[in-house]
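J.: Top line first, the protein sequences correspond to chains A, B and C. My numbering applies: residue 339 is where the first sequence begins, and numbers increase by one. My numbering applies: residue 7 is where the second sequence begins, and numbers increase by one. My numbering applies: residue 71 is where the third sequence begins, and numbers increase by one.
Watch out, some of these pointers could steer you wrong.
Just so you have them, the derived chain A footprint on chain C, three or more residues with Cβ under 8 Å [as the list claims (entries may be wrong)]:
1) 114-125
2) 396-409
3) 447-458
Simulated crosslink set (DSS-like; lysine-lysine; CA at most 25 Å straight-line) [what the hints assert, rightly or not]:
4) C:LYS248 / C:LYS109
5) C:LYS423 / C:LYS213
6) B:LYS17 / B:LYS40
7) B:LYS17 / C:LYS93
8) C:LYS412 / C:LYS423
9) C:LYS308 / C:LYS108
10) C:LYS412 / C:LYS108
11) C:LYS93 / A:LYS472
12) A:LYS468 / C:LYS93
13) A:LYS652 / C:LYS362
14) C:LYS428 / C:LYS406
15) C:LYS213 / C:LYS308
16) C:LYS209 / A:LYS652
17) C:LYS338 / C:LYS428
18) C:LYS576 / C:LYS345
19) C:LYS274 / C:LYS345
20) C:LYS213 / C:LYS338
21) A:LYS468 / C:LYS86
22) C:LYS102 / C:LYS209
23) A:LYS652 / C:LYS184
24) A:LYS468 / B:LYS17
25) C:LYS209 / C:LYS108
26) C:LYS406 / C:LYS423
27) C:LYS428 / A:LYS468
28) C:LYS248 / C:LYS214
29) C:LYS308 / C:LYS102
30) C:LYS109 / C:LYS93
31) C:LYS321 / C:LYS111
32) A:LYS472 / C:LYS86
33) A:LYS472 / B:LYS40
34) C:LYS102 / C:LYS86
Output of the computed footprint for chain C on chain A, the stretches with three or more beta carbons under 8 Å from beta carbons of chain C [as the list claims (entries may be wrong)]:
35) 545-558
36) 568-578
None of these hints come from the bench; they were simulated from the model. All figures in this text were calculated on a predicted structure; none of them were measured in a lab. Beta carbons: idealized from backbone N, C-alpha and C, even for Gly.
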Amino acid sequence: MSTYLIRLVLQRFALGLITLFAISILIFLSAEILPGDVAQTILGQSATPENLANLRTQLGLDKPPLQRYVNWLGGVLQGDFGTALTNRQPVAKLIGTRFGNTLFLAFVSAIIAVPLAILLGLLAVRFRDKWPDKLISALTLTTISLPEFFVGYVLILVFAIKLRWFPSLSTVSSTMDLGDRLWVIVLPCATLTFVVLAHMMRMTRAAIIGVMSSPYIEMAQLKGVSPFNIIFRHALPNAISPIINVVVVNLAYLIVGVVVVEVIFVYPGMGQLFVDNVSKRDLPVVQACGLIFATVFIGLNMLADILSILSNPKLRFPK
Amino acid sequence: MRLARAPLTAKLGLIIILFYILVALFGPFLAPHKQSDVVGSVWQPISKEFPLGTDNVGRDILSRMIYGTRTTLFIAFIATCLSFSWGILTGFFAAVSGGWIDQILSRWVDLLMAFPTLIFALVVLSIVPINMTTLILVMAILDSTRVFRIARALAADTVVMDFVEAARLRGEGTLWIIFREILPNTLTPLVAEYGLRFSFAVLFLSSLSFLGLGVQPPAADWGGMVRDNSLGITFGIAASLIPAAALAILTVSVNFVVDWLLDQTSSLRNQ
Amino acid sequence: MAEHLLTVKDLEIKAKVHRPGEKPFDVTLVDKVSFQLKKGKVLGLIGESGAGKSTIGLATLAYGRFGCTITGGQIILHDNNVLSYEGEALREHRGGRVSYVAQSAAAAFNPAHKLDEQITEVAINKGAMSRSEAVAYAKLLYKKLGLPNPDRFGRRYPHQVSGGQLQRAMTAMALASKPDLIVFDEPTTALDVTTQIDVLAAIKEAIHEFNTAALYISHDLAVVGQVADDIMVLRHGKMVEYGTTEQILYKPQQDYTKQLVAVRSVYKEEKPRTKEEPLLRLEKVTASYDGKVNVVQDLSIELEAGHTLAVVGESGSGKSTAARIIMGLLPPLQGKIYFEGKELTPRLKERDKEIKRKIRMIYQMPDVALNPRHTVRDTIGRPLTFFFGLQGKEREHRVVELLDQIEMGADYLNRFPAELSGGQKQRVCIARALASNPELVICDEVTSALDPLVADGILKLLMRLQEETKVAYLFITHDIATVRAISDSIAVMYQGKLVEVGQKSKILSPPHPAYTELLLSSVPEMRMGWLEEAISNRKMAAAGN
Chain A
339 MSTYLIRLVL QRFALGLITL FAISILIFLS AEILPGDVAQ TILGQSATPE NLANLRTQLG
399 LDKPPLQRYV NWLGGVLQGD FGTALTNRQP VAKLIGTRFG NTLFLAFVSA IIAVPLAILL
459 GLLAVRFRDK WPDKLISALT LTTISLPEFF VGYVLILVFA IKLRWFPSLS TVSSTMDLGD
519 RLWVIVLPCA TLTFVVLAHM MRMTRAAIIG VMSSPYIEMA QLKGVSPFNI IFRHALPNAI
579 SPIINVVVVN LAYLIVGVVV VEVIFVYPGM GQLFVDNVSK RDLPVVQACG LIFATVFIGL
639 NMLADILSIL SNPKLRFPK
Chain B
7 MRLARAPLTA KLGLIIILFY ILVALFGPFL APHKQSDVVG SVWQPISKEF PLGTDNVGRD
67 ILSRMIYGTR TTLFIAFIAT CLSFSWGILT GFFAAVSGGW IDQILSRWVD LLMAFPTLIF
127 ALVVLSIVPI NMTTLILVMA ILDSTRVFRI ARALAADTVV MDFVEAARLR GEGTLWIIFR
187 EILPNTLTPL VAEYGLRFSF AVLFLSSLSF LGLGVQPPAA DWGGMVRDNS LGITFGIAAS
247 LIPAAALAIL TVSVNFVVDW LLDQTSSLRN Q
Chain C
71 MAEHLLTVKD LEIKAKVHRP GEKPFDVTLV DKVSFQLKKG KVLGLIGESG AGKSTIGLAT
131 LAYGRFGCTI TGGQIILHDN NVLSYEGEAL REHRGGRVSY VAQSAAAAFN PAHKLDEQIT
191 EVAINKGAMS RSEAVAYAKL LYKKLGLPNP DRFGRRYPHQ VSGGQLQRAM TAMALASKPD
251 LIVFDEPTTA LDVTTQIDVL AAIKEAIHEF NTAALYISHD LAVVGQVADD IMVLRHGKMV
311 EYGTTEQILY KPQQDYTKQL VAVRSVYKEE KPRTKEEPLL RLEKVTASYD GKVNVVQDLS
371 IELEAGHTLA VVGESGSGKS TAARIIMGLL PPLQGKIYFE GKELTPRLKE RDKEIKRKIR
431 MIYQMPDVAL NPRHTVRDTI GRPLTFFFGL QGKEREHRVV ELLDQIEMGA DYLNRFPAEL
491 SGGQKQRVCI ARALASNPEL VICDEVTSAL DPLVADGILK LLMRLQEETK VAYLFITHDI
551 ATVRAISDSI AVMYQGKLVE VGQKSKILSP PHPAYTELLL SSVPEMRMGW LEEAISNRKM
611 AAAGN
């Protein structure tokens with residue numbers, strides 16, 4: 339690996355960290371634009387000046403914003419997200435297993451959706467402008483922007499209520515083994531897969547067609563290369579980078595989708611926690627959840643960029 | 007771009023969109039009941055009196071659907087118009103100016119887009135009071151980053167053309183270059199993008215309402231109605247699927263029309 | 071075995087055209103074309119864009135680009151009907167018996183694989199050679215084609231190799247499977263002339279050495295004349311004339327061929343220098359895009375009112391940058407620009423309207439120089455409104471006058487650029503530039519995107535307009551024939567520096583500085599044997615040094 343390449347990757351990594359840093363400032367500052375402050379929100383109308391002042395000292399609100407930001411970020415870096423306002427529990431404890439549950443759901447969905455989408459995309463390209471392609475295109479165009487709750491409730495109505503194949507609520511507990519866990523998340527998983535599949539498949543198709551219409555593919559055809567080798571030797575190495583991008587962009591969709599899907603299926607993940615605490619206006623929890631979601635999102639995008647840098651021969655072997 | 011030769015899907019899509027718009031415009035005249043009036047018992051099935059049945063507290067679903075369409079489309083329309091004017095203006099300005107103005111605007115948008123829209127909206131809505139104005143503003147600001155990207159990319163593609171340089175060399179001002187040289191060449195993809203962003207806005211608003219963080223009761227809107235009636239699903243009552251289906255039909259229709267519009271642009275560009 | 075290796079008989083190729091809002095319709099790209107080719111011989115296919123020459127070349131590989139179908143005729147190679155091939159037999163034919171050399175090697179090589187892998191692919195896949203045999207043979211080919219460091223050359227990726235080398239590597243790829251026929255599709259068109267001559271010589275030598283037959287497709291008759299034994303002239307998909315190279319070059323029968331052979335019908339006598347203050351003067355101008363590399367260095371040129379200065383050079387010579395500096399798009403780091411005796415502010419924004427009116431520009435690609443959404447009336451009328459405030463009838467009258475001047479007329483007022491031919495678009499660009507009654511028009515490669523005869527018409531028009539309006543031209547070009555035809559004085563540039571500058575008669579007659587000599591001697595001439603002569607002269611000169 340050349341030093342040039344290492345430098346590019348490090349640059350991208352640094353950019354990711356800077357973005358994350360900037361996002362943390364944005365999230366922190368969002369609390370500052372409140373009319374009044376957190377202490378007032380907690381105590382509401384019944385606040386007396388004395389207990390307001392007490393609470394402010396207790397929460398550290400009497401210190402200047404910069405110092406509070408540094409304290410908050412320092413805590414976050416050590417895994418301390420502060421204390422929830424409503425039930426006085428450490429935020430880290432509230433998030434605890436829920437983060438794992440969310441990752442589990444997203445991961446299983448991704449494992450199903452990504453290969454399926456790429457396969458369908460390849461199939462559509464292989465039979466471009468023939469009926470399989472047209473069928474896939476028409477179906478994905480129809481399903482591309484169905485809301486998660488529509489898909490979710492239709493699945494519940496059909497598979498949980500009418501057919502009674504799967505549970506309608508995805509309750510998981512720490513005592514369940516992997517098989518049981520997978521069993522209860524079949525429907526949320528299917529919903530998530532369904533929601534990202536159309537998008538991912540269409541983007542994959544476009545990416546591969548973009549590569550397939552380049553002059554070097556025509557050259558390979560003129561060299562009498564077999565269709566199999568054209569796709570796997572000539573097209574795929576060049577399509578990897580756009581496909582990685584497609585996958586990551588859609589994993590990001592998945593993160594957003596997870597929030598809604600968890601609410602539909604009452605799944606004990608971070609999305610639910612997030613939504614609950616937005617309505618309760620419990621700021622420390624909201625900030626923590628927002629920061630974690632953002633970190634995953636930024637991390638994924640960074641990963642995509644780094645992979646596409648690594649897969650580009652022009653960058654791997656500079657002149 | 008001839009409507010007569012448009013594919014069946016696009017024509018169908020346009021007719022459906024027109025229908026929604028009419029319902030939204032004339033909702034109060036069409037609805038048999040007020041949106042928050044309790045007129046029957048809970049979850050009554052479809053009948054002559056209640057063509058779509060009643061909801062979880064016994065309100066007429068048809069009436070609520072009509073009002074909900076009005077509310078949902080209105081908020082999404084205003085938000086998209088705001089995000090579009092702002093996004094196009096800044097996007098074109100960035101592309102035409104180039105240099106540090108472009109850099110600052112682009113990096114700012116990069117930063118906002120490094121964050122999933124829904125997550126950002128949730129963080130903000132945990133702080134500001136939730137009402138129609140804040141919803142519209144939050145949606146418009148978040149969406150304008152996407153419009154900025156598209157507008158900037160379209161304008162940047164056009165700006166490098168020699169005819170824009172020719173106008174510059176002649177001494178034409180920025181406004182002439184934006185409105186007379188660039189805009190006419192980017193209009194169709196922008197109209198298509200408007201359709202797409204509008205359907206996303208409808209979807210986004212409905213998602214927020216579904217989570218209980220959008221339009222506040224007792225006002226009716228699609229996402230809220232799905233939420234209100236979601237408990238019925240477990241009893242096999244499909245009331246919450248009605249607004250969800252209305253939303254699905256609209257977004258699919260918009261997609262059909264947008265797909266046709268984009269097809270037009272790409273074939274124009276290939277010529 | 072038949073006497074001929076390849077027989078093409080009554081070939082007919084059609085394409086389906088899909089336009090939005092219209093029913094798909096057929097267009098005939100190739101209309102009843104027939105020819106024959108013996109082993110070891112080269113047939114040149116020549117014609118303008120749209121003549122169908124590439125389509126014919128690809129048809130010998132039984133390949134049709136998007137929506138093209140071979141609707142009639144026969145292609146016989148070795149007594150076998152090529153058009154009947156399918157599946158495995160077709161793949162055996164492509165690459166095995168006929169191979170293809172594309173115009174843009176940079177695009178036609180796969181960026182993801184090393185050159186060796188791509189060049190040996192066919193021979194290995196078809197089982198003709200083992201991997202080590204194929205690599206050894208590739209090295210031999212690299213050597214024959216004059217590629218540097220043949221033992222290691224193939225280990226590089228396409229983007230690590232220069233354009234001229236890549237084009238030769240593609241020829242090696244075509245030869246690697248020992249085919250019977252090679253189709254060369256404009257293999258040197260994208261190259262600079264001084265690179266073209268070496269690639270051309272390498273291709274010619276390789277064809278003879280390996281005794282393959284070849285179709286050589288080009289729009290440049292002088293180039294084809296160097297490598298072809300026979301030449302077929304094509305126009306709009308039909309054969310115009312078919313004969314030996316000698317007959318086509320020296321005794322053309324058809325008017326169209328005669329025009330092609332004559333190249334330039336324009337010639338302008340050089341105007342003598344006067345003692346007056348020049349219209350435009352650049353004094354030791356140095357400029358850079360990134361502040362590190364100087365794209366133009368110490369450039370000093372002068373142009374008198376009503377005269378034409380040709381700035382000639384290859385890609386990377388800085389000639390187009392010189393135009394950008396004069397226009398105010400790239401402020402120079404050092405040096406001064408004088409216009410009408412006064413120093414010109416370097417930045418476009420700080421120049422007053424009168425200067426912008428007096429200095430106008432015409433571009434290389436008329437397709438992107440016209441706003442596709444403006445009619446001819448809008449395009450030509452805008453400078454009239456902008457500079458002179460003309461409106462309504464007055465403006466309309468002047469637009470029509472300008473349209474008459476460019477030999478187009480009022481019928482075109484409402485047309486959009488998409489409804490004009492390439493030459494007409496360029497004429498509209500000229501009218502737009504002249505609308506402001508400029509003193510100086512900078513012409514940046516204005517004829518290089520056009521077919522030769524169309525380009526000739528544009529040059530004639532420009533000359534006539536100069537006589538009528540006394541406008542001065544700064545003509546930026548890489549084409550020596552154009553320079554000969556239209557200039558009064560010439561500036562030769564190489565890698566950002568001025569090689570020499572002076573009156574046309576002085577620059578074009580010997581003795582020349584080394585680079586001018588190389589440039590002038592690299593321009594293909596419309597006669598047989600030029601290539602051999604040029605190469606041997608060059609070798610002698612090299613031996614002499």
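J.: If a hint holds in the structure, say so; if it does not, say that too.
T.: Checked hints:
As drawn, the region 114-125 of chain C meets chain A at 0 residues by the rule of a beta-carbon pair under 8 Å; below three, the given contact is violated. A count of 0 residues in the region 396-409 of chain C with a Cβ less than 8 Å from any Cβ of chain A is obtained; the coverage claim is therefore unmet, three being the minimum. Counting residues of the region 447-458 of chain C whose CB lies closer than 8 Å to any CB of chain A gives 0, which falls below the minimum of 3, so the coverage claim is violated. Between the alpha carbons of LYS248 of chain C and LYS109 of chain C the distance comes to roughly 13 Å, so the proposed pair stays at or under 25 Å and holds.
For the given pair, LYS423 of chain C sits about 59 Å from LYS213 of chain C by alpha-carbon distance, which is inconsistent with the 25 Å threshold. Taking the CA atoms of LYS17 of chain B and LYS40 of chain B, the gap is about 33 Å. The hint is violated against a cut of 25 Å. Of the pairs offered as hints, the one joining LYS17 of chain B and LYS93 of chain C holds, with about 19 Å between alpha carbons and a cut-off of 25 Å not exceeded. For a cut-off of 25 Å, the pair hint linking LYS412 of chain C to LYS423 of chain C stands: about 15 Å separates their Cα positions.
In summary, the hint linking LYS308 of chain C to LYS108 of chain C is supported, as the alpha carbons are separated by about 22 Å, within the 25 Å threshold. Only pairs whose Cα atoms come within 25 Å are accepted, and LYS412 of chain C paired with LYS108 of chain C is rejected, the gap being roughly 66 Å. Between LYS93 of chain C and LYS472 of chain A the CA atoms are separated by roughly 20 Å; this keeps the pair inside 25 Å, and the hint holds. This hinted pair checks out: LYS468 of chain A and LYS93 of chain C have alpha carbons roughly 20 Å apart, not beyond 25 Å.
Only pairs whose Cα atoms come within 25 Å are accepted, and LYS652 of chain A paired with LYS362 of chain C is accepted, the gap being roughly 23 Å. For the hint pairing LYS428 of chain C with LYS406 of chain C, the CA-to-CA distance comes to about 18 Å; that is within 25 Å, so the pair holds. Using a Cα cut-off of 25 Å, the hinted pair LYS213 of chain C and LYS308 of chain C is violated, with the two alpha carbons roughly 40 Å apart. This hinted pair checks out: LYS209 of chain C and LYS652 of chain A have alpha carbons roughly 24 Å apart, not beyond 25 Å.
Taking the CA atoms of LYS338 of chain C and LYS428 of chain C, the gap is about 24 Å. The hint holds against a cut of 25 Å. Annotation: proposed proximity of LYS576 of chain C to LYS345 of chain C holds, straight-line Cα distance about 18 Å (limit 25 Å). With a CA separation close to 50 Å, the supplied pair LYS274 of chain C and LYS345 of chain C exceeds the 25 Å bound. A C-alpha spacing of about 45 Å is found between LYS213 of chain C and LYS338 of chain C, which places the hinted pair above 25 Å, so the restraint is violated.
Between LYS468 of chain A and LYS86 of chain C the alpha-carbon distance is near 17 Å, which keeps this suggested pair within the 25 Å criterion. Between the alpha carbons of LYS102 of chain C and LYS209 of chain C the distance comes to roughly 41 Å, so the proposed pair goes past 25 Å and is violated. With a CA separation close to 11 Å, the supplied pair LYS652 of chain A and LYS184 of chain C stays within the 25 Å bound. For the hint linking LYS468 of chain A to LYS17 of chain B, the alpha-carbon distance of about 23 Å falls within 25 Å, and the restraint holds.
Between the alpha carbons of LYS209 of chain C and LYS108 of chain C the distance comes to roughly 28 Å, so the proposed pair goes past 25 Å and is violated. For the hint linking LYS406 of chain C to LYS423 of chain C, the alpha-carbon distance of about 20 Å falls within 25 Å, and the restraint holds. Distance hint between LYS428 of chain C and LYS468 of chain A is unfulfilled; the C-alpha atoms sit about 58 Å from each other, more than 25 Å. For the given pair, LYS248 of chain C sits about 14 Å from LYS214 of chain C by alpha-carbon distance, which is consistent with the 25 Å threshold.
This hinted pair checks out: LYS308 of chain C and LYS102 of chain C have alpha carbons roughly 7 Å apart, not beyond 25 Å. Between LYS109 of chain C and LYS93 of chain C the alpha-carbon distance is near 45 Å, which puts this suggested pair outside the 25 Å criterion. The straight-line distance between the Cα atoms of LYS321 of chain C and LYS111 of chain C is roughly 21 Å, inside the 25 Å bound, and the hint therefore holds. The straight-line distance between the Cα atoms of LYS472 of chain A and LYS86 of chain C is roughly 20 Å, inside the 25 Å bound, and the hint therefore holds.
About 45 Å separates the Cα atoms of LYS472 of chain A and LYS40 of chain B, which puts this hinted pair outside 25 Å; it is violated. A C-alpha spacing of about 18 Å is found between LYS102 of chain C and LYS86 of chain C, which places the hinted pair at or below 25 Å, so the restraint holds. Proximity of the region 545-558 of chain A to chain C, defined as three or more residues with a beta carbon under 8 Å from a beta carbon of that chain, is established by the 6 residues found. Coverage of the region 568-578 of chain A by chain C holds in this model, with 4 residues showing a Cβ closer than 8 Å to a Cβ of that chain against a need of three.
Consistency note: the structure conflicts with the earlier hints numbered 1, 2, 3, 5, 6, 10, 15, 19, 20, 22, 25, 27, 30, 33.
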